[in-house]
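Asker: Chains as they are written, first to last, in the numbering used here: chain A, 612 to 1402; chain B, 15 to 183.
Hints should not be assumed to be uniformly reliable.
[Claimed, not checked] Straight-line alpha carbon distances no greater than 20 Å define the calculated SDA-like cross-link-like pairs of lysine to any residue that follow:
id, chain 1, residue 1, chain 2, residue 2
1, A, 1338, B, 150
2, A, 1338, B, 81
3, B, 164, A, 621
4, A, 1272, B, 84
5, B, 164, A, 1341
6, B, 164, A, 623
7, B, 164, A, 1289
8, A, 1338, B, 147
9, A, 1338, B, 141
10, B, 164, A, 1333
11, A, 1338, B, 146
12, A, 1272, B, 146
13, A, 1272, B, 139
14, A, 1091, A, 1238
15, B, 164, A, 1342
The hints are simulated quantities; they were obtained by calculation from the structure and are not laboratory data.
So the chains spell out like this:
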Amino acid sequence: MTRMFGQPLARVEDDRLVRGHGGYLDDLGSDALACAFVRSPHAHARILDIDVSGALEIDGLVAIYTHEDLDGKVGEPLPLLIPHPALTHGRTQYALARDEVNHVGEPIVMVLARDRYLAEDAAERVLVTYQNLPAVVGIPAARAAEHLVHEDVPGNVAANLRQSKGDVDTAMAAAAHTLELDLAIERSAATPMEGRGVLARWDTESNRLRMWTSTQTSTGVRAAVAAKLELALVDVDVITPDVGGGFGVKIVHPWPEEVLVPWAARRLGSPVKFVEDRREHFISSAHERQQLHHVRVGFDDDGVIAALDVRFWHDHGAYIPYGLIVPIITSTQLLGPYRTPNYRVEFDSLYTNTLIVTPYRGAGRPQGVFVMERVMDAVAADRGLDRTVVRERNFITPEEMPYDHGLIFQDGRPLIYDSGDYPASLAKLKALVGWDEFTGVRDAARAEGRRVGIGLACYVEGTGVGPYEGAHVVVETSGKVKVATGLTSQGQGHQTVFAQIVADELGVPIGDVEVVTGDTRRMGYAVGTFASRAAVMSGSAIALAARAARAKALKIAADALEADPEDLEIVDGIVRVVGSPGAEISLATVAVLSNPLRYAFDDAAQAATQFAVGDTGKPPVAEGDEPGIEGRGFFSPMQSTFASGMHAVVVETDPDTAEIKILRYCVVHDCGNLINPRIVEGQIHGGVAQGVGGALYERMAYDDAGQLQNASFMDFLMPYVTEVPAKIEIDHLVTPSPLNPLGIKGAGEAGVIPGAAAIASAIEDAEAITITSMPISPTELFELRRQKEQG
Amino acid sequence: MTTERLHDVRLSVNGAARDVRVPARRLLSDCLRHDLQLTGTHVGCEHGVCGACTVLVDGAPMRSCLLLAVSVDGAQITTVEGLTQSDGTLSPVQQAFADCHGLQCGFCTPGFLTTITAGLRENPEPSEDDAREMIGGNLCRCTGYQNILKSVHRAAEIQRERRSGGEPA
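With the rest of the complex left out, here is chain A (with noise of 0.2 Å):
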């Protein structure tokens, strides 16, 4: 049998949804009552009344609430999930705001009717009487303080973080040279295609809840409804359906909306169904990556650092309920390939009259690798020295692995790579795109009177956190074989890669393997689909539940077949003696064979009563057995394993319109061994096109008093494929991580991760300016070239 594992196959997923057969939220539940919701149209206000008369009139309408309609838990404040020692004033939101609203968005009333036209008529009849209080909006005005958006949290911080090693003010005094930066990034969103959505039912006769949501996390979204609804966890259910993207937004729950909707279905025993439009999820759901950076850096003649300081400014908008996962991964991912033996970072996470921030892919990687990498470059100016050769003077070598880097990871963890070769990741690169031919390709542009320039980036992922996942596999007496694993899907082909690696563990066609994801009804423990982690955390967990059903599977076949396990080998669903012809038995008769049941129901079951199996001195199942060819794994690593890659990049810029236009784009990626090569690629594809939107495209335009200017995808520039680079070029490494037994390590997010370093890598080298923020427009980089010429 030919291994799955490392096949480029084409998915299993697709017959279905290119039919048209999908199953996504709003595809579901059409008997269900549709919801709206009266949002704040102001960033920061106290609330002084809500009058509902005016929508009562609406014929449809079947419900309005607000906070004062919502008892027990669900009117306290939603859950703060990832609390930290160092989050001293964490503040979250309200399911329905009760006195203040802290941006716009923020939902306040809650209208279901018999459709959203009608629930959307309603909500646009009540009317709300606000009291305007002063907005904080941006970086400086929430560091300046002068207003507060919480009025019991001191200079809008909710946290600060400081974390260390070596000694930093010895070394950077001792350094021959210094330089000092300050870096910006600005606010993007993962924008999927799909926005939030949310149906649910109530059992009147059972009591029982089902839910179904396009969330990143079932399980999560199930203990979040079940402590807020006051329910068991055994009487909830939490099933994810198609989702059509998530890129993190989705991995942020309860949101408001999930613990409504269940909450409005119980009290009026009917489905009720919440899908957002696109403006609710501009203004409602979730952004990612402004901050702000001051870097010192001292090193040597030769470009080695000696000593690092940042200090950063993580904008988390309104309320912090996701904690300080994105500025701890900044604080620590930031180190990349580098050994950067001294080094000091300290955030403070601030308030804003915006919506909040949680990770969107890269999660604070993007933001980390911009100021590593600019601060490499900026080495290599100092020093006219080539930029790979400063970069290969400070890589950690593969000699030094694992590396420990004496900080604390986002998973509370220390900071070990455990594997990884950058020499040979930029070797690679260099080679991919020319890198030692290219002044070549720039004098001879320059000489037509072109401007081309060439920039790369490199970075390390932890991915594959914490804490565990679970699987479970059962092979029926049909021979199929039935693989639950908890965590979600969003479109990252699991049933395909999970698929694969059952197959080769159990010997068994690949057509005959199902998988489900997200079904709490299947596998109740499981953490989500983040950071990288579904292929190493699951695809681990299913490896260890098909080993152990294929265990089994071999000690009854043994028995059948009067062999010993250790002879016997599974292939194409088939357990046969080696090199005994004929002595064999379908994994099907196994099946049946493993359930002392006495009925023959079918031909499965009456084949397999020509064997005899069990050891008639003890009961049909045996202490310690179970019936059923069935495997349970739960995979828990110590801690993450270590991704990495590099990305070069070659642009162009027009001499008068200051238009950039990527020419070539090259990636080197080492995400250990691939499962499925084809669907690798496909996330590196899509996490270029976002890294390319968030450097030169997406921004989320607040002006001062807290207004999105552009919450729509006619205004937010997402890219088309007229702004992705014609071809992505790709190389892989391959070191094995020593951290899991398929030696994976993860790949969802890297592609975006580079993508702002390299590409202001690249204007820089085209246009000789400093580029110190992202993204860049064309009349950003027009009133750059301006600033120079006036010197």
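Got chain A; can you put chain B on it based on the hints?
Answerer: Coordinates of chain B only, in the frame set by chain A:
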């Protein structure tokens, strides 16, 4: 009480006559999805920018989120469900997307499939630039468009293969 006046609309959807009674403001996208239960057509932005909701109206690709159902009374509508051949065979464009990993989350896919179907009718042998132009009005957040472009060319190829093999394209 404010109640809505309803209008009778007859559509031919994927070859079948469908009668619906809808308010004047009912969007074609909502009519297809909620009144006719054809949920393959997806709505990504509700303002005609993303193209996910694209359906063929009398053969031409149109954004069903910008059309009122009452405005297409009598029209022939083809949705993604109607691209599949009557024997269940995937259309060349559908098959190409599956062959080339042209989709990830699949949410924008129906709009690309309908758009490219119409595009290849007009231009069965698209160049690289033609292919980019063909999909230039549709947003995808997952694929970076690389494999969608491949799918356009692969669809053209399958179409040719099926024609030369005597199969209906």
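Asker: Now look at each hint and say whether the structure bears it out.
Answerer: Outcome of the hint check:
1. In summary, the hint linking residue 1338 of chain A to residue 150 of chain B is supported, as the alpha carbons are separated by about 16 Å, within the 20 Å threshold.
2. Between residue 1338 of chain A and residue 81 of chain B the CA atoms are separated by roughly 35 Å; this puts the pair beyond 20 Å, and the hint is violated.
3. Taking the CA atoms of residue 164 of chain B and residue 621 of chain A, the gap is about 14 Å. The hint holds against a cut of 20 Å.
4. Straight-line distance between C-alpha atoms of residue 1272 of chain A and residue 84 of chain B comes to about 44 Å, which puts the hinted pair past the 20 Å bound.
5. For the given pair, residue 164 of chain B sits about 16 Å from residue 1341 of chain A by alpha-carbon distance, which is consistent with the 20 Å threshold.
6. For the hint linking residue 164 of chain B to residue 623 of chain A, the alpha-carbon distance of about 19 Å falls within 20 Å, and the restraint holds.
7. In summary, the hint linking residue 164 of chain B to residue 1289 of chain A is supported, as the alpha carbons are separated by about 13 Å, within the 20 Å threshold.
8. This hinted pair checks out: residue 1338 of chain A and residue 147 of chain B have alpha carbons roughly 16 Å apart, not beyond 20 Å.
9. About 15 Å separates the Cα atoms of residue 1338 of chain A and residue 141 of chain B, which keeps this hinted pair within 20 Å; it holds.
10. With a CA separation close to 15 Å, the supplied pair residue 164 of chain B and residue 1333 of chain A stays within the 20 Å bound.
11. Proximity of residue 1338 of chain A to residue 146 of chain B is assessed by CA-CA distance (about 12 Å); at most 20 Å being required, the pair is judged to hold.
12. Our distance criterion of 20 Å between C-alpha atoms is met by residue 1272 of chain A and residue 146 of chain B, whose separation comes to about 16 Å.
13. For the hint pairing residue 1272 of chain A with residue 139 of chain B, the CA-to-CA distance comes to about 27 Å; that exceeds 20 Å, so the pair is violated.
14. Between residue 1091 of chain A and residue 1238 of chain A the alpha-carbon distance is near 17 Å, which keeps this suggested pair within the 20 Å criterion.
15. A threshold of 20 Å between alpha carbons decides the hint, and for residue 164 of chain B with residue 1342 of chain A the separation of about 19 Å falls inside it, so the pair holds.
Going down the numbered hints, you'll see the structure goes against 2, 4, 13, while the others check out.
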